[in-house]
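There are 2 protein chains.
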Amino acid sequence: MSLIVQKFGGTSVANLERISNVAKRVAKTFDEGHDVVVIVSAMSGVTDNLIKLANQITELPDKRELDVILATGEQVTAPLLAITLQNMNYSATSLLGFQAEILTDGAYGNARIVGISANKIKELLEKRNIVVVAGFQGWDSSGNITTLGRGGSDTSGVAIAAALKADVCEIYTDVDGIYTTDPNVCSKAKKINRISYEEILEMASLGAKVLQIRSVEIAKNFNVPVHVRTSFSEEEGTMVVNEEPEMERVVVTGVTYNKNEARITLKNVPDQPGIAAKILSPISDASIVVDMIIQNTKDSGETDFTFTVPKAEFKRAMDIENRVAKDISAKEVAGDTNISKISITGVGMRSHSGVAVKMFTTLAKENINILMISTSEIRISCVIDEKYTEKAVQLLHTAFGLDKQ
Amino acid sequence: MSLIVQKFGGTSVANLERISNVAKRVAKTFDEGHDVVVIVSAMSGVTDNLIKLANQITELPDKRELDVILATGEQVTAPLLAITLQNMNYSATSLLGFQAEILTDGAYGNARIVGISANKIKELLEKRNIVVVAGFQGWDSSGNITTLGRGGSDTSGVAIAAALKADVCEIYTDVDGIYTTDPNVCSKAKKINRISYEEILEMASLGAKVLQIRSVEIAKNFNVPVHVRTSFSEEEGTMVVNEEPEMERVVVTGVTYNKNEARITLKNVPDQPGIAAKILSPISDASIVVDMIIQNTKDSGETDFTFTVPKAEFKRAMDIENRVAKDISAKEVAGDTNISKISITGVGMRSHSGVAVKMFTTLAKENINILMISTSEIRISCVIDEKYTEKAVQLLHTAFGLDKQ
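Line order of the protein sequences matches chains A and B.
Quick note: the first sequence, position 393, residue 393 per our numbering, numbers continuous.
Quick note: the second sequence, position 259, residue 259 per our numbering, numbers continuous.
No wet-lab data here; the hints were simulated from the structure.
Being a predicted model, the structure only gives us computed values, none of them experimental.
Careful: at least some of the hints might be erroneous.
When chains are identical, the list treats them as one kind, so a pair holds in a single copy or across two.
[Stated by the list, open to error] Pairs of lysine to aspartate or glutamate, DMTMM-like flavour, derived with a Cα cap of 20 angstroms:
1) Lys-120 with Asp-140
2) Lys-120 with Asp-31
3) Lys-259 with Asp-182
4) Lys-127 with Asp-62
Just chain A, with the same shape it has in the complex (with noise of 0.2 angstroms):
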């Protein structure tokens, strides 16, 4: 007998039908023997209904008062799920996050979990019973309600199955796993069956949109083996799990790419120290958040300095530099948003040598001009014209052998 908790998110509670398939499936695995503890986000929209209608009010609602309302969408499928499974003759009982003494920070709308206690999870499940905790939400040391912002529920999910120290947490959604690139892009892509923490890490931050980067960082630091799935069939999906040794013969395990990011450029600024403070400082007040950063040195005294933006953070950044530049004595400021950010990652790569190079060589080879470079232990990403973004991924993904995976 293990101990599973199994996280649904808002598509697969996005109706009663889709609710009762959720339930079956609980079922299926209590009758199997094992504990289960459920966790549901709200039904798919919900969520940016209730923002939306907080938002007739004023763009900026109190964060607090938000935390409330969103709260709702969750305080509303879990009992649906309890009730579901009543009706099919099985002992369940929902929980909201603060009765599940999900105990966060008070840092409304992206709340971190600081501790769990899941007393009454463990004595409803020694009574039998399947436990149905409303993702996304908890509540601060001063009892106010907390969200844990998007994709929280995973981030609840993990986190529970971590308090709990369950045997898996299986995350349900409505792709079959984790693909070693988008589908959509690279009719080649192949589903990994297992692949490590780390290499997840890279590639949720590189654009991949299966599972929220801090649940998977909570699974990495609680090693709790996280098995990604689909709702909508029995199949097997991909497990993440601690890196191990046979992962090394893989070198590269997936391609990603991200279409959201532009591109700033300060030309001839003066190589002076603490230029890059000054050019950054501003954005970063701004609560812009900047992911690359390259400087190149000139002959003259002079450099050339680049970041990325998100996209719908360009214009803004643009204003702040352009008035940098002329504080800075810059000569010019480009902007470029027509640019993609194309990645590989896998942890093969620390004891292989040859990678960046066969990358370079791969987009050169068709003319693929390489704008930015920016690397990591397991991953190497290209900025390149965003035309070539489908074209790179199926290069890449053919290049490094994951066609025939």
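Given the coordinates of chain A, assemble chain B onto it according to the supplied hints.
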């Protein structure tokens, strides 16, 4: 400076425009220098829709789980009002039932408040916050969400007013006060300026739907002045207070009617000790509420036994009594759903004789036959043929001088 509790019902918070109107009224009271605690219901229709959703799974959803779902209605309106007030530059904070420490028993769906510590409310009031509390909800001593039953927000309002020793509990509704009778039935109905807790208790139990009975009981027990008024104008409504000497000058305060009951008669029942219990125990076991009970002795050692039940329970009650009739050798079971109960209420009755006679003769003069009679210290009720309801109300309204109040 006073402490004022204001409760707004579902029609007053039915959309953002109305919530904005509520906010203006709350702000005006606050600007006059008062401390303000606001209790809100769910937007009108929301609670019914949530019940329908759960009923699509099963006719009898688990009451604990249903309460978790129903509590979301007020959990949306309370923060929406707080955000609206903040947007008008007032400090406002929403509190859910459990955050306002509204402790109830564990009777899901119809929980009774057992205590309110209200520390959090007091703390916020001291900081000159407008406190917006989600009505209709609390939690039990095990941390389960509970709801207080239909009209439960009235109870929340009055109970919080009692706990805070508020100067007044204002109940805002879509009518401008309590009337001598239903204005839809009698065009001469007049608004009552002051009425006693006792009278409103009788009138509420007789079908007047302005206030939840339990809220009046709490108001009476804790001596909370309740002001029933409309949220659509500044007009004063009806004050519900302790009985005052001048109230006795008015013999009858109001005329009410109730068309929602049905009559069941067991004919020729052996007149033996314990027969009433034999007839009514199975009804009570089936959780059917009996209102009036009448037993007439006949010469023959037999008796006719009549009682009324809600129309919705008529069929079940008839089935039960048809079985009972065989057991106790009653001759026949007769049922009638076309009845109506007309009542007159007033604390002045205590010191005035002849009120009952006047009621009976008023009806007799117009050939309205009285089928059953029941009385309390400050109320007389007659069951008549349903088709005479409107006529009887109008006749009694005139006969007891209410037309020209």
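So, going through the hints one by one against the coordinates:
1. Lys-120 with Asp-140: Classified as both: same-chain Cα gap 17 angstroms, cross-chain 15 angstroms, threshold 20 angstroms.
2. Lys-120 with Asp-31: Neither, since 22 angstroms and 45 angstroms both go past 20 angstroms.
3. Lys-259 with Asp-182: within (13 angstroms within a copy, 66 angstroms between copies)
4. Lys-127 with Asp-62: between (40 angstroms within a copy, 18 angstroms between copies)
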